[in-house]
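A.B. asks: Residues per chain are reported as follows:
Number of protein chains: 8
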Amino acid sequence: MSKFISIIMGSQSDLTTVQPAIDLLKEFKVGFEVKVLSAHRTPKLLEKYVEAASRRGTKIFIAAAGGAAALAGVIASGTTLPVIGIPVETKSLKGLDSLLSTVQMPPGVPVASMAIGRAGAKNAALFSLEILAIKDRTISAKLNTHKKNMRVKIKKIKIKV
Amino acid sequence: MSKFISIIMGSQSDLTTVQPAIDLLKEFKVGFEVKVLSAHRTPKLLEKYVEAASRRGTKIFIAAAGGAAALAGVIASGTTLPVIGIPVETKSLKGLDSLLSTVQMPPGVPVASMAIGRAGAKNAALFSLEILAIKDRTISAKLNTHKKNMRVKIKKIKIKV
Amino acid sequence: MSKFISIIMGSQSDLTTVQPAIDLLKEFKVGFEVKVLSAHRTPKLLEKYVEAASRRGTKIFIAAAGGAAALAGVIASGTTLPVIGIPVETKSLKGLDSLLSTVQMPPGVPVASMAIGRAGAKNAALFSLEILAIKDRTISAKLNTHKKNMRVKIKKIKIKV
Amino acid sequence: MSKFISIIMGSQSDLTTVQPAIDLLKEFKVGFEVKVLSAHRTPKLLEKYVEAASRRGTKIFIAAAGGAAALAGVIASGTTLPVIGIPVETKSLKGLDSLLSTVQMPPGVPVASMAIGRAGAKNAALFSLEILAIKDRTISAKLNTHKKNMRVKIKKIKIKV
Amino acid sequence: MSKFISIIMGSQSDLTTVQPAIDLLKEFKVGFEVKVLSAHRTPKLLEKYVEAASRRGTKIFIAAAGGAAALAGVIASGTTLPVIGIPVETKSLKGLDSLLSTVQMPPGVPVASMAIGRAGAKNAALFSLEILAIKDRTISAKLNTHKKNMRVKIKKIKIKV
Amino acid sequence: MSKFISIIMGSQSDLTTVQPAIDLLKEFKVGFEVKVLSAHRTPKLLEKYVEAASRRGTKIFIAAAGGAAALAGVIASGTTLPVIGIPVETKSLKGLDSLLSTVQMPPGVPVASMAIGRAGAKNAALFSLEILAIKDRTISAKLNTHKKNMRVKIKKIKIKV
Amino acid sequence: MSKFISIIMGSQSDLTTVQPAIDLLKEFKVGFEVKVLSAHRTPKLLEKYVEAASRRGTKIFIAAAGGAAALAGVIASGTTLPVIGIPVETKSLKGLDSLLSTVQMPPGVPVASMAIGRAGAKNAALFSLEILAIKDRTISAKLNTHKKNMRVKIKKIKIKV
Amino acid sequence: MSKFISIIMGSQSDLTTVQPAIDLLKEFKVGFEVKVLSAHRTPKLLEKYVEAASRRGTKIFIAAAGGAAALAGVIASGTTLPVIGIPVETKSLKGLDSLLSTVQMPPGVPVASMAIGRAGAKNAALFSLEILAIKDRTISAKLNTHKKNMRVKIKKIKIKV
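Residue numbers (our numbering), protein chains in the order written: chain A, 18 to 178; chain B, 18 to 178; chain C, 18 to 178; chain D, 18 to 178; chain E, 18 to 178; chain F, 18 to 178; chain G, 18 to 178; chain H, 18 to 178.
Source of the hints: derived by calculation from the structure; they are not laboratory data.
Keep in mind that a hint or two might mislead.
[To be verified] Pairs of lysine to any residue residues, derived as SDA-like cross-links and limited to a Cα-Cα distance of at most 25 Å, are as follows:
1. A/Lys20 - B/Asn161
2. C/Lys52 - C/Lys111
3. H/Lys152 - G/Ala158
4. D/Lys175 - B/Tyr66
5. H/Lys52 - G/Lys172
6. F/Lys65 - E/Ile151
7. F/Lys164 - E/Thr96
8. C/Lys111 - A/Gln36
9. H/Lys65 - G/Ile171
10. B/Lys61 - A/Met167
11. G/Lys172 - A/Met167
12. E/Lys164 - F/Glu64
13. E/Lys164 - F/Tyr66
[Unchecked claim] Take a look, some chain A residues computed to stay more than 12 Å from chain G by CB distance:
14. Ala69
15. Gly74
16. Ile151
17. Lys152
18. Lys159
19. Arg168
20. Ile176
21. Val178
Note that the Cβ used here is the ideal one computed from N, Cα and C, for glycine as well.
Using the sequences and the accompanying hints, generate a full structural model.
C.D. replies: Quick look at the structure:
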């Protein structure tokens, strides 16, 4: 199975945040890989990884980082593949720093920012699938089913008052 | 020329913000269309438009809105195509309201947020092209040239002190 | 008993926030109903519900949602009945996102925002009763008693220092 | 014509903000009056005015104030009629202070906050009309026409690219 | 002992915040009284209390409130005695709402804001004592001793590394 | 005429902000002096000035500063006289930095913060007068007249709609 | 061993925050000392200490403080040695107040701000070492090793999915 | 003259912000160079430049960038020389985004952040000089003169009231 999606997190402690993305991609049976690589601590490894992954067939990068979150932007600087950013919640500023560092990219180097935290991680995976689904009917059909199931689940809820 | 990208803005006054996206897509000669449709003022028209555009072959939606910016999220609720949001700068809160309303989506309904304002608009277009480039070598090549030109342009700058 | 007030929450987890509204409406013996419906996950169900509820005699909508909280605004887009928004506290941004997404509505589509969280929920119910009380002397009298009791309760407090 | 709606602003300089509310109520031919009264500078006048207006038949109060905007809350403390707040944009904090002072009311004393500035003022008037429309078919019909016109206006917009 | 200082809190739950002020005034043996009175829930009682306290010889008001914290401002509207505000920490916005509602007073009606929470409460008491000390040498001497003790205490700290 | 009030500003450019305080103190004919002294650029001059002014009979310090506004706090560190802070509006953060640097003082060293900018300056002067008025019936009477005039002025405003 | 680096914290409770700086300097075997001294509570002691430390050979000051964090700025006002600030996380505003009070220094009095909290403390120590390393090859070599180890550590992480 | 200080800006438009740093370094006659290089647009050029400059004798990097300002952090990732960041004011968020992206660095990769905008630029230059002055008596003497002149200048200001 080709690893179309590459998930990179800036620190091992970001795994809790990233987990919903991993779970969803498994559920959809889409090939992906997960790496810990930091824009600030392992910049050359990161650069090499982005180039190598692109050559091996990665189609989309997902990057999760917190604080002065340069990760997604730095990946985007080295590729023209789509890069999706997950701002990780931080202890003091609660992810507002991560969000602004991820989303406020200069013109010319796009990063697609998702919401802060685990909701953002799940949506990063879903958004990747939506990209792949443009040319992949199987994924497209699964996405529609997933969306429908979400509706059905909500429809069933009864609130007793 | 198929209109792969659909740009929707919540108000005619958002055109100034959206313009860099329009200019870039023209430059890349990728088919697109531009509409003014509001999640709050023309919800049914918007719903119908999203459905019709999807049937006609739209692959990606770009939505620009300000304030309580529901537009991108509402489009995303009605499709499994990728939706990219441009938070429009607002008079009082300077787009912080637009940004949070666009990016803080619940799990299950992804919106890819770009930066506030015109930088975000240019990047929304670029990001759309990156998505299309996954399966289109011409666009991919143009993106690489565009990235290279950006480098060359910066490289030439001399600061006299 | 006619169900004059319709309380809609975007997610079942919002029930804790909404509870004070439910409790107060019960105390006032005013007909109401509670639904889980999402602007982002069940948009068509929501649209149909708003139309059906309006036909059945709903006079006021109360909407509770968090994050990119489009719920109240989307309801307001589909009705000319008063819509009251309760911004739900969120994990990372503590409801600032919910508040701005609820209150910063564009001209033409009003949403009446209450405070973030349970205080806002209680006040959403009280505000609904104030609306109904304009033409209903029984509710008006009860509201005055409620206000008076609040005063009496505070008056009785003695702080020992 | 009974003056069902009372618009109070904390300072004469708030008139620019409040104007869209005045214009809309005129357009709808609903009776209203406008006063400058301050929670901080004329508290007793304000108290008396709120009581007198209520006796004379006012049904709804609209209050516009900026900064530590106590106006709407203080009016709400003295009545069980609906009170709608318009946070006025301020020079330094751009109305974030006004918004939080207006919307973060304690349980028991509801204020319905609109958006910061002129958009909020227009919506305050519209929301008042929605309240009156519950028992007034003429206003209800006009509101539906107003909503429809808004749709038609947007529908006609053509963006040339 | 005359009660020169009057501490008013908007809700009984604010007592934990206010306690350091009470403790300090006791330590300084300056007469004071503590009341629960709300600008929003007991406006007339508050108004009467402010007038009565002024007649009885109160020299300074200290007001603690959270959220849309109108308390200090409303007291200041009814007196020309100094009013000191303590912004109480709130659940969602952490007291930023309380701070802005307390400090951003319009010209003409001063409120002296202290820091958010218990540090602010202690300083409200100290600041009151500084005011009284202008004409009271005993308090002035005690304040100097208090300041000196603070220095001595810090001077003694040894950090072992 | 004794100079009871000392106004210190961190930079000459703060004079525009401070002017309303100067004007009001002149109007009240209360002795005061104005100095440019900086906690960061002239710390020893500031320290000496605070000591000398205290010996000469200064009763109250008013300090205006912007950005990392240490001025009021540093003055408060060197005296037990009341210190009132005016947060000056800044270019980028609009005075939010000045406000937090002025108001968030640690327990033991009170600073009374006014609103950001010129409104805060006027209120700093008024608050100083309120302090002096505790023991000065002439000032007290003038303050009551000033408050009354403010009311009369607002009362006369007629809004034509 | 000369004490080249002086770490000052505004309160004993800041030790938890400062600890990572202490640990790193020990690891690097660079001389340093740690003091509790407050810009607000012990201003003269602080002033004397800064002068004495400079005479004794201190090359760099590190200052940790929270809230209206004047410490680093006040040290910088009394020396032309480099001053590094660590904004301490606060209870209500989470260190945003500390950060703005530390970083927003006026032109002429530089403070080098690190991140809020313990990450900032570790980096304050590292940054001090980077300064010393300019003229000290041993420290420079150790810094390179430290950087390399950081890389190696991340490189070894394997995420199982 | 060796170029000890390297000033890098992310975009040519940042020159206005950076100018005060250039002016001060000229005034101090310290060798420096100025480059436009972007972490996002010219990552490899930046990487090579940082390595080459270090080999040629650069001792300190100053980096100015706005928005998702990765520049200073990315430079810091590639060197153990001191890196000083200048957050550039941005159109919508006024530099709050730039500040958080610059200062909130993870442990292990320090960036010394200055204030937003031109004040920060001047201080970045001053701070560089303070670092060089540790081992350079000429610069140290000039810094002391510069500090003294600043004092003298303020001392001479007379405010007429």
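A.B. asks: Decide, hint by hint, whether the structure agrees.
C.D. replies: Here is what the structure says about each hint:
no., hint, in the structure
1, A/Lys20 - B/Asn161, "22 Å, holds"
2, C/Lys52 - C/Lys111, "24 Å, holds"
3, H/Lys152 - G/Ala158, "19 Å, holds"
4, D/Lys175 - B/Tyr66, "14 Å, holds"
5, H/Lys52 - G/Lys172, "32 Å, violated"
6, F/Lys65 - E/Ile151, "20 Å, holds"
7, F/Lys164 - E/Thr96, "9 Å, holds"
8, C/Lys111 - A/Gln36, "22 Å, holds"
9, H/Lys65 - G/Ile171, "23 Å, holds"
10, B/Lys61 - A/Met167, "22 Å, holds"
11, G/Lys172 - A/Met167, "39 Å, violated"
12, E/Lys164 - F/Glu64, "16 Å, holds"
13, E/Lys164 - F/Tyr66, "19 Å, holds"
14, Ala69, "14 Å, holds"
15, Gly74, "18 Å, holds"
16, Ile151, "25 Å, holds"
17, Lys152, "25 Å, holds"
18, Lys159, "19 Å, holds"
19, Arg168, "29 Å, holds"
20, Ile176, "34 Å, holds"
21, Val178, "35 Å, holds"
Violated hints, in rising order: 5, 11; the structure is consistent with all others.
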